[in-house]
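**Q** Taken in sequence, the protein lines are chains S and C.
If you're matching positions, the first sequence starts at 79 in my numbering and goes up one per residue.
If you're matching positions, the second sequence starts at 1071 in my numbering and goes up one per residue.
It should be emphasised that the hints constitute simulated quantities derived from the structure, not laboratory data.
Predicted model, so just to flag it, every value in this text is computed and none were measured.
Note that CB positions come from ideal geometry on N, CA and C, so glycine has one too.
Please note that the accuracy of each hint is not assured.
In silico EDC-like pairs for lysine to aspartate or glutamate, Cα to Cα no more than 16 Å straight-line [claimed, not checked]:
1. Lys-642(S) to Glu-1258(C)
2. Lys-642(S) to Asp-1130(C)
3. Lys-644(S) to Asp-1301(C)
4. Lys-633(S) to Asp-1107(C)
5. Lys-644(S) to Glu-1390(C)
A few chain S positions that, by computed beta-carbon distances, are all more than 12 Å from chain C [as the list claims (entries may be wrong)]:
6. Gly-233
7. Tyr-284
8. Glu-663
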Amino acid sequence: MTDLDHIRNFSIVAHIDHGKSTLADRLIQETGTVKDRDMKEQMLDSMDIERERGITIKANTVRIDYVADNGEAYVLNLIDTPGHVDFAYEVSRSMRAVEGSLLVVDSTQGVEAQTLANVYHALDADHEIVPVLNKIDLPASECDRIAAQIEDVIGIDASQALRVSAKTGEGIRATLEAIVHRLPAPRGDRDAPLKAMLVDSWYDAYLGVVVMIRVMDGVVRKGDRIRMMQTDALYGIDTLAVLKPQMVPIPELGPGEIGVFTASIKQVRDTRVGDTITHEKKGCAVALPGFKPAQPVVFCGLFPVDANQFEDLREAIDKLALNDASFSSEMETSAALGFGFRCGFLGLLHLEVIRDRLEREYDIDLITTAPSVVYHLFMKDGTVRDLHNPADMPDLTLVDHVEEPRIKATILVPDEYLGDVLKLCQDRRGVQLDLTYAGQRAMAVYDLPLNEVVFDFYDRLKSVTKGYASFDYAMTGYQEDNLVKMSVLVNDEPVDALSMMVHRDRAEMRGRAMVEKLKDLIPRHMFKIPIQAAIGSKVIARETLSALRKDVTAKCYGGDATRKRKLLDKQKAGKKKMRQFGKVEIPQEAFISALKMDS
Amino acid sequence: MPLPSWWRAVLPEDWEEGGFGLYLHWPFCQSKCPYCDFNSHVSANIDQDRWAQAYLGEIDRIGALTAGRVLRSVFFGGGTPSLMEPALVDVILRKVRATWAWANDIEITLEANPTSVEAGRFAGFRAAGVNRVSMGVQALNDADLRALGRRHSLAEARAAFDVARGLFDRVSFDLIYARQDQTPAQWERELREALAMAVDHLSLYQLTIEEGTAFGDRFAVGKLHGLPDEDRAADMYLRTQEITAAAGMPGYEVSNHAKPGQESRHNLIYWRYGDYAGIGPGAHGRLTVGGQRMATEAHRAPAAWLEQVEQAGHGESLREPVDGQAQLTEMVMMGLRLHEGIDLARLGRLADRSGHDIYSNINGLRDIGMVDTDGGRLRLTEQGRPVLNAVLRRLLPD
Ligand SMILES: Nc1nc2c(ncn2[C@@H]2O[C@H](COP(=O)(O)OP(=O)(O)OP(=O)(O)O)[C@@H](O)[C@H]2O)c(=O)[nH]1
Ligand SMILES: C[S@@+](CC[C@H](N)C(=O)[O-])C[C@H]1O[C@@H](n2cnc3c(N)ncnc32)[C@H](O)[C@@H]1O
Ligand code: SF4
Ligand SMILES: [Mg+2]
Chain S
79 MTDLDHIRNF
89 SIVAHIDHGK
99 STLADRLIQE
109 TGTVKDRDMK
119 EQMLDSMDIE
129 RERGITIKAN
139 TVRIDYVADN
149 GEAYVLNLID
159 TPGHVDFAYE
169 VSRSMRAVEG
179 SLLVVDSTQG
189 VEAQTLANVY
199 HALDADHEIV
209 PVLNKIDLPA
219 SECDRIAAQI
229 EDVIGIDASQ
239 ALRVSAKTGE
249 GIRATLEAIV
259 HRLPAPRGDR
269 DAPLKAMLVD
279 SWYDAYLGVV
289 VMIRVMDGVV
299 RKGDRIRMMQ
309 TDALYGIDTL
319 AVLKPQMVPI
329 PELGPGEIGV
339 FTASIKQVRD
349 TRVGDTITHE
359 KKGCAVALPG
369 FKPAQPVVFC
379 GLFPVDANQF
389 EDLREAIDKL
399 ALNDASFSSE
409 METSAALGFG
419 FRCGFLGLLH
429 LEVIRDRLER
439 EYDIDLITTA
449 PSVVYHLFMK
459 DGTVRDLHNP
469 ADMPDLTLVD
479 HVEEPRIKAT
489 ILVPDEYLGD
499 VLKLCQDRRG
509 VQLDLTYAGQ
519 RAMAVYDLPL
529 NEVVFDFYDR
539 LKSVTKGYAS
549 FDYAMTGYQE
559 DNLVKMSVLV
569 NDEPVDALSM
579 MVHRDRAEMR
589 GRAMVEKLKD
599 LIPRHMFKIP
609 IQAAIGSKVI
619 ARETLSALRK
629 DVTAKCYGGD
639 ATRKRKLLDK
649 QKAGKKKMRQ
659 FGKVEIPQEA
669 FISALKMDS
Chain C
1071 MPLPSWWRAV
1081 LPEDWEEGGF
1091 GLYLHWPFCQ
1101 SKCPYCDFNS
1111 HVSANIDQDR
1121 WAQAYLGEID
1131 RIGALTAGRV
1141 LRSVFFGGGT
1151 PSLMEPALVD
1161 VILRKVRATW
1171 AWANDIEITL
1181 EANPTSVEAG
1191 RFAGFRAAGV
1201 NRVSMGVQAL
1211 NDADLRALGR
1221 RHSLAEARAA
1231 FDVARGLFDR
1241 VSFDLIYARQ
1251 DQTPAQWERE
1261 LREALAMAVD
1271 HLSLYQLTIE
1281 EGTAFGDRFA
1291 VGKLHGLPDE
1301 DRAADMYLRT
1311 QEITAAAGMP
1321 GYEVSNHAKP
1331 GQESRHNLIY
1341 WRYGDYAGIG
1351 PGAHGRLTVG
1361 GQRMATEAHR
1371 APAAWLEQVE
1381 QAGHGESLRE
1391 PVDGQAQLTE
1401 MVMMGLRLHE
1411 GIDLARLGRL
1421 ADRSGHDIYS
1431 NINGLRDIGM
1441 VDTDGGRLRL
1451 TEQGRPVLNA
1461 VLRRLLPD
């Protein structure tokens, strides 16, 4: 138990790849929290998928003991956050558990879209912000210019910005001192009834549900009976621990402290991030305000390849949702794909990450259908409906008009690529709201339809700017437009999982791109297969996949019987990666790949 | 309903529909051809007496398992069996004769490479009892023979072939087509020449790039050029069928052509899914023992096989039952290669026994014109033949 004056809680925030996780490594290392020989790069990025992609997806907390230059011992709770826009919810949520932020800015890159977005989140959370200029070891580092840029663009004082290299460790000691002296200590009342914020929770194969909390008031101890205020669920605390970063048991947690507990929680739905935890008896009266729920903006269907895995998928989704409050799901049935779930995500990377985690961590092969946004259907009878799935689009004669979600997109890009960016936005039906320059960088603000962005806008943006553009967006509202449902027919049968909403003016182009892609994605069959895109009954694009002409093994004698049989078995197993539509087999990846546009 | 056990003795066993044959593998060649993934090895000193003892021991062993059967065929395959001493072939065939009753029209084939060295042994093979040779001619021009890594010229091949034709009634030869840079017109000319040479049987294989061969390695790194695409390969295949049929040597199997009645009886045993014993390094067998169909496999490395036969009294590396579904798969996979197809009643017995319904799949394939079931036999249509693998994927139970 540490007194409040000697606790500092902070998050590390930045644009993607500016070095948050590496900085966390150095703070952990410098304070001896983890022995040098146990250190590895970005050690908090513990998921396979984080390590593979080199990005942080989940916020991670570590408790560090630090003896400052003044000789006093401090407890620092650090939360490393993700930088990608899709995980902004994770950042803003984490910020609620701490009092300050280290705002890391890559001193070779400067302020990017997510730098700005994070500053707004931090201000929202009343944080003290300490700017950190990172990567000063690189020759391209320009600390003075970037400091000026921070003051210009963000409007915070950068004269005291720390200058560090998270790679070499330069400036780390000064960072630790700044954390102690420039960030505020938490406040709280040890004698008040327990009031703790449920910050995060996850499922651990050995421990079951693990809940992370930040204690605001009161003290929680092992064995205590607690109540989750939103769900009214009651539990007894089995274990109480802090993360260093592995769990280290601790007898109690007092105000200002961050830790985890397990409580034999069976109902994963009982743990809601943002909930307030108090004692069963003599609990606190008023709950914390909780978190604003995340609004999923991209939806897609997830179906098990093997229909028998539907229940496994349900369970896996429940467990993952525990760890990721920003993802929603409800059951869905598709004529083509059977039973599955319609899931909502904060963006495409988020979608990919969840799909990957379901496949890897729970060993379920999935088919993912085309991502879609939520449309508002204004029906002729005066009612308004939400459309999450283009396949559910009612008959056009019943619909008066359709509204689609729009976003305000902020794009920062070096001058030389501005033209390409403007063209991309134009092509995607964007309306320019603002265009300003800061040095050699332009900031373009666009009003864009979300449905033009969800799929591959970010990929395209990266490719036309060679990775130099950064992008952030926020939903702004709904607007009417001429939107129609485009369906896809393979061998004259509609494939519901491929239907999509498109702007009427873009329909031919998308339809053409779609059928051409499908023609490449679907393997030749024993017969020729027409592939069509249609609006209602009007075909707008058509391709024909010609029939397979030759697939026969030239030699097959006695010695080949076993080998060839095994080969055939393997091919048939490969068939399971396909979905049957009438007589046609469509490979799973086609459902996503067919939608990627090359221009 | 399960049959009462006494029925077993009365009903013919399934393998009998295909007959019984013996395959002997000689694993040595003078050099390794770059396309070939057969179990063949290049070795300087081969103690043929030691090999003789091993083969004889294996024949005894298999003979005991298959006592009382009538042998329809013996096949010396390789590798290059024409490198065997005629004396070795002779002792083996004597042993075979002493072990099984022979069918009146027993076929005894030996695979031969068409070089002068080997042609010199042909008379000896004939004297030992060989009555059919199958020669690996592969191409009818020297440039392509070189590209295929063959050690013989066209002239040598023709000479060897003439020697064989003079000695044996039944002579077949192999050609590999759809080679690198081969145009359909070139192949057509070559095929017509081949038909002019042919005696009663021809094997015409499209070049297959096999993993683990020199061609396979070159292909994997994108360095094997000039191979036909699917359309061209299909065209060449169809043209081959037309030309051979018009010349009186129609295809009777995917890659095999014969004058009616001159089909390879040995290979028919495989395709009709009969029983066959496999002796020698890497040889596979299918043997029904005590009502159970078994798959056998022998050690591939010549030295390992030889040692195991000498020390353990058998050369097998694997012997396992072939379950109902695997049998069904094999029967269909092999049987549909033949133009005659598969007897539906026989197929039905096996499918029922292994609890699989394949009729709906058959109907689906018939609807799209890939198979027909006329006359109580399941066979590929002309359309289905070039896409047999796709048909199999559709037809067989998962
Ligand atoms: N040269 C140099 N490279 C650095 C420094 N800090 C981080 N990097 C490198 O920058 C890249 C991104 O670092 P991360 O720590 O993963 O960045 P992040 O901000 O955590 O990224 P996200 O979690 O994906 O938003 C890695 O390749 C690091 O090795 C630094 O001070 N100097
Ligand atoms: C066991 S092999 C050859 C026997 C003999 N050693 C010879 O080379 O003449 C049987 C036949 O299979 C054919 N063959 C081998 N590998 C092949 C491949 N990769 N593609 C097509 N045919 C092949 C050749 O025509 C060869 O003659
Ligand atoms: S093709 Fe014949 S000679 Fe060439 S390696 Fe294969 S078995 Fe030996
Ligand atoms: Mg990170």
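**Q** Taking each numbered hint in turn, which are not upheld by the structure, reported in ascending numerical order?
**A** Of the numbered hints given earlier, those the structure breaks are 1, 2, 3, 8, listed in rising order.
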